[in-house]
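*Asks:* What follows is each chain in one-letter form.
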Amino acid sequence: MASSMSVSRRRFGRLLARISGSRRQFSSTTSSISIDDQQQQQAQPQPQPRSLNLYSAINQALHIALDSDPRAYVFGEDVGFGGVFRCTTGLADRFGKSRVFNTPLCEQGIVGFGIGLAAMGNRAIAEIQFADYIYPAFDQIVNEAAKFRYRSGNQFNCGGLTIRAPYGAVGHGGHYHSQSPEAFFCHVPGIKVVIPRSPRQAKGLLLSCIRDPNPVVFFEPKWLYRLSVEEVPEHDYMLPLSEAEVIREGNDITLVGWGAQLSIMEQACIDAEKDGISCELIDLRTLIPWDKETVEASVRKTGRLLISHEAPVTGGFGAEISASIVERCFLRLEAPVSRVCGLDTPFPLVFEPFYMPTKNKILDAIKATVNY
Amino acid sequence: MALSHIASSSSRSKNLLKPIAAVLSCTPSLRRPISTSSDSTTLTIETSVPFTAHNCEAPSRSVETTPKELLSFFHDMALMRRMEIAADSLYKAKLIRGFCHLYDGQEAVAVGMEAAITKKDSIITAYRDHCTFIGRGGTLLEVFSELMGRQDGCSRGKGGSMHFYKKESGFYGGHGIVGAQIPLGCGLAFAQKYKKDETVTFALYGDGAANQGQLFEALNIAALWDLPAILVCENNHYGMGTAEWRAAKSPAYYKRGDYVPGLKVDGMDVLAVKQVCKFAKEHALKNGPLILEMDTYRYHGHSMSDPGSTYRTRDEISGVRQERDPIERVRKLILAHDLATEKELKDTEKELRKEVDEAIAKAKESPMPDPSELFTNIYVKGLGAESFGADRKEVRVVLP
Ligand SMILES: Cc1ncc(C[n+]2csc(CCOP(=O)(O)OP(=O)(O)O)c2C)c(N)n1
Ligand SMILES: [Mg+2]
Chain P
0 MASSMSVSRR
10 RFGRLLARIS
20 GSRRQFSSTT
30 SSISIDDQQQ
40 QQAQPQPQPR
50 SLNLYSAINQ
60 ALHIALDSDP
70 RAYVFGEDVG
80 FGGVFRCTTG
90 LADRFGKSRV
100 FNTPLCEQGI
110 VGFGIGLAAM
120 GNRAIAEIQF
130 ADYIYPAFDQ
140 IVNEAAKFRY
150 RSGNQFNCGG
160 LTIRAPYGAV
170 GHGGHYHSQS
180 PEAFFCHVPG
190 IKVVIPRSPR
200 QAKGLLLSCI
210 RDPNPVVFFE
220 PKWLYRLSVE
230 EVPEHDYMLP
240 LSEAEVIREG
250 NDITLVGWGA
260 QLSIMEQACI
270 DAEKDGISCE
280 LIDLRTLIPW
290 DKETVEASVR
300 KTGRLLISHE
310 APVTGGFGAE
320 ISASIVERCF
330 LRLEAPVSRV
340 CGLDTPFPLV
350 FEPFYMPTKN
360 KILDAIKATV
370 NY
Chain U
0 MALSHIASSS
10 SRSKNLLKPI
20 AAVLSCTPSL
30 RRPISTSSDS
40 TTLTIETSVP
50 FTAHNCEAPS
60 RSVETTPKEL
70 LSFFHDMALM
80 RRMEIAADSL
90 YKAKLIRGFC
100 HLYDGQEAVA
110 VGMEAAITKK
120 DSIITAYRDH
130 CTFIGRGGTL
140 LEVFSELMGR
150 QDGCSRGKGG
160 SMHFYKKESG
170 FYGGHGIVGA
180 QIPLGCGLAF
190 AQKYKKDETV
200 TFALYGDGAA
210 NQGQLFEALN
220 IAALWDLPAI
230 LVCENNHYGM
240 GTAEWRAAKS
250 PAYYKRGDYV
260 PGLKVDGMDV
270 LAVKQVCKFA
280 KEHALKNGPL
290 ILEMDTYRYH
300 GHSMSDPGST
310 YRTRDEISGV
320 RQERDPIERV
330 RKLILAHDLA
340 TEKELKDTEK
350 ELRKEVDEAI
360 AKAKESPMPD
370 PSELFTNIYV
380 KGLGAESFGA
390 DRKEVRVVLP
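Heads up: the protein sequence lines correspond to chains P and U, in order. With numbering that gives the first Met the number 0, the residue at position 311 of the first sequence is 310, and numbering never jumps. With numbering that gives the first Met the number 0, the residue at position 348 of the second sequence is 347, and numbering never jumps.
No lab work stands behind these hints: they were computed from the structure. Think of the CB as a built atom: it goes at the ideal place given N, C-alpha and C, for glycine as much as any other residue. One or more hints might be untrue.
Which stretches of chain P does chain U cover? Using the computed rule of at least three CB atoms under 8 angstroms from a CB of chain U, they are [to be verified]:
1. 75-88
2. 104-115
3. 171-179
4. 336-346
5. 349-362
As a list, the in silico DMTMM-like pairs of lysine to aspartate or glutamate whose alpha-carbon atoms are at most 20 angstroms apart [stated by the list, open to error]:
6. U/K118 - U/D356
7. U/K380 - P/D343
8. U/K361 - U/D87
9. U/K67 - U/D87
10. U/K93 - P/E351
11. U/K93 - U/D356
12. U/K166 - U/E216
13. P/K96 - U/E243
14. U/K361 - U/D196
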């Protein structure tokens, strides 16, 4: 217990001072640099890591992706100008308008085009301006992208396709700038769904997604674009997909989340610790195909599970995790699996604070589960 | 990169500037109407530029109006202008949250359209909807309350800037997803046709939205079934930061319906808008759908997070303000016809400013929606959806 606490202190030691009024600040651990990364580091001296926010880390990853593969392309609404969240700033200047370009306002067309481009062996990196606008492209993703390999008996695929989209609440986004649609895509075998929690994670995971031979939907926590700052290595590194990461060790309960929600969960863990409850926090990172083993191992240790996400609770990906873990750990569970999620309502305008799975809701649920 | 874009956009933007020359080219005999009191005198005024037609006859450039109508145009557009500018301030003061898209510059479209149709006709639009709502008879109090998420808002504070509606006068809103409202407009028009009540639907969308596939699906449906649907492309020449020519192979939006006839209109000339909407309604009832491309301009940035000056030059904006402003055009007409004095118009504007301020003060008093409203209107009343507390045990309520 004592040692795990010190580990977690070290891991979150680089949390920056909280910007007043903001609820989110998150940092990533250094423990998960991939093999490629270690090899790279050995091969050549690397420049000092720089402090970057999340959108700059994404920007760096896109620079590297275009630089390291002449067959990579970045496109979407206004990306040639840097995009609404500045993630694509400077790319068109550096790589030219034939590789980084604006599309018309037509999500279905953007994704369909990306599938075709990828089918010719290219890396098509498409931006959907907000995750709320991915639905016009839903058919292309579900019926075309996800099933291309399967239904052509492996003659064709669009593995080079990566769709980036900012998701989640920002405090006042209202109905159409706040949604978390990840669960819809987790119901689709053939695509991967990945969500990073911090700048360092975002860079490494995005590069893995771009280079992964499967189509990937990469949701970026837009609340953290500017808010989350941490040191990000300058060089090209990748973080493994389908590997969850234990970002805080504990013994009494396992918490599983992804993206921006992790920082809220982390705060709840810190508060619970003051009451003597030791929480283990896991960042799932890849939602499908997901790392059941890491979650299972943790729940076997703690005997309790809590899942938290911003999307509405019913049919959210938390339901899938819950069902799988109950199957695997039924006799080991000491309390029902708890889900602290968005409410089953449309994302509200003025009632965002009620809707959100806040720290206190999580803390309550931790206590209720531990005292069950 | 950014600089080169600006340079090229400014060279292209010259064609945005067409002088108000035609303003005074009205029929000479009508230059001096008898007096301002004779409200119902008919004036005939020429539109700024001719209509450009695709697959149909263009309506006449001579528009009939009355002193009363011109003064009401001035009043309504000045009210909208003032309202939008006030919304800008409220947003900056953080009293309006969420996303907020302003309509100033485009007022002639909302006002001219209303002058040609009745409240039995339907209008459906995108998120730039404040002024369309006012045009349909909405009040300032409803506007500001909704913007600030208060109970007195037109959507009871549940929608916000992008989601204004007014059922009793056929305003179907207020849609956040670009292009999604266009096929909805076809459904409205089908219902109207079926009821044989001689009404039509105006479905509005932007130049950016014109590149969404849904438009073309809607066009085919509307033409196939001869629906009384008028598809109005409010071409303000930018979809967010993207100039029309960057995103559209053919920015002649009035022609993009191919087999659906179209008309291009100076959307900064309220009389031209009125004329073409009147024509369109008659056409749609007889022959089915029509596209109206309204050549217009938004002065503000796309939304409150866009300063609106990185992808277009300040010269372009001030040029349009000077040469084509819809309110100034009407002001000049009113003065040229001696329908009111400069001072009277200034007084009207002062009065409107006061009305707006009073509405804001009242809206600020309006309470926030009751927290239970978070759960209402998801399904019909009484369906019994359940909500849970944090651990799904502590709180369990059957919802209204
Ligand atoms: C499906 C979808 N994609 C993207 C957006 C983001 N978005 C909102 S408005 C807009 C530009 C639309 O431009 P236009 O149709 O010309 O209308 P205007 O804003 O000029 O009135 C974009 C890209 C959205 N709301 N919905
Ligand atoms: Mg536009």
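*Asks:* Please go over all the hints and tell whether each is borne out by the structure.
*Replies:* The hints, checked one at a time:
{"no.": "1", "hint": "75-88", "in the structure": "holds (count 5)"}
{"no.": "2", "hint": "104-115", "in the structure": "holds (count 4)"}
{"no.": "3", "hint": "171-179", "in the structure": "holds (count 6)"}
{"no.": "4", "hint": "336-346", "in the structure": "holds (count 7)"}
{"no.": "5", "hint": "349-362", "in the structure": "holds (count 7)"}
{"no.": "6", "hint": "U/K118 - U/D356", "in the structure": "27 angstroms, violated"}
{"no.": "7", "hint": "U/K380 - P/D343", "in the structure": "15 angstroms, holds"}
{"no.": "8", "hint": "U/K361 - U/D87", "in the structure": "18 angstroms, holds"}
{"no.": "9", "hint": "U/K67 - U/D87", "in the structure": "30 angstroms, violated"}
{"no.": "10", "hint": "U/K93 - P/E351", "in the structure": "16 angstroms, holds"}
{"no.": "11", "hint": "U/K93 - U/D356", "in the structure": "17 angstroms, holds"}
{"no.": "12", "hint": "U/K166 - U/E216", "in the structure": "26 angstroms, violated"}
{"no.": "13", "hint": "P/K96 - U/E243", "in the structure": "18 angstroms, holds"}
{"no.": "14", "hint": "U/K361 - U/D196", "in the structure": "39 angstroms, violated"}
Violation of the numbered hints given earlier is confined to hints 6, 9, 12 and 14; the remaining hints are satisfied by the structure.
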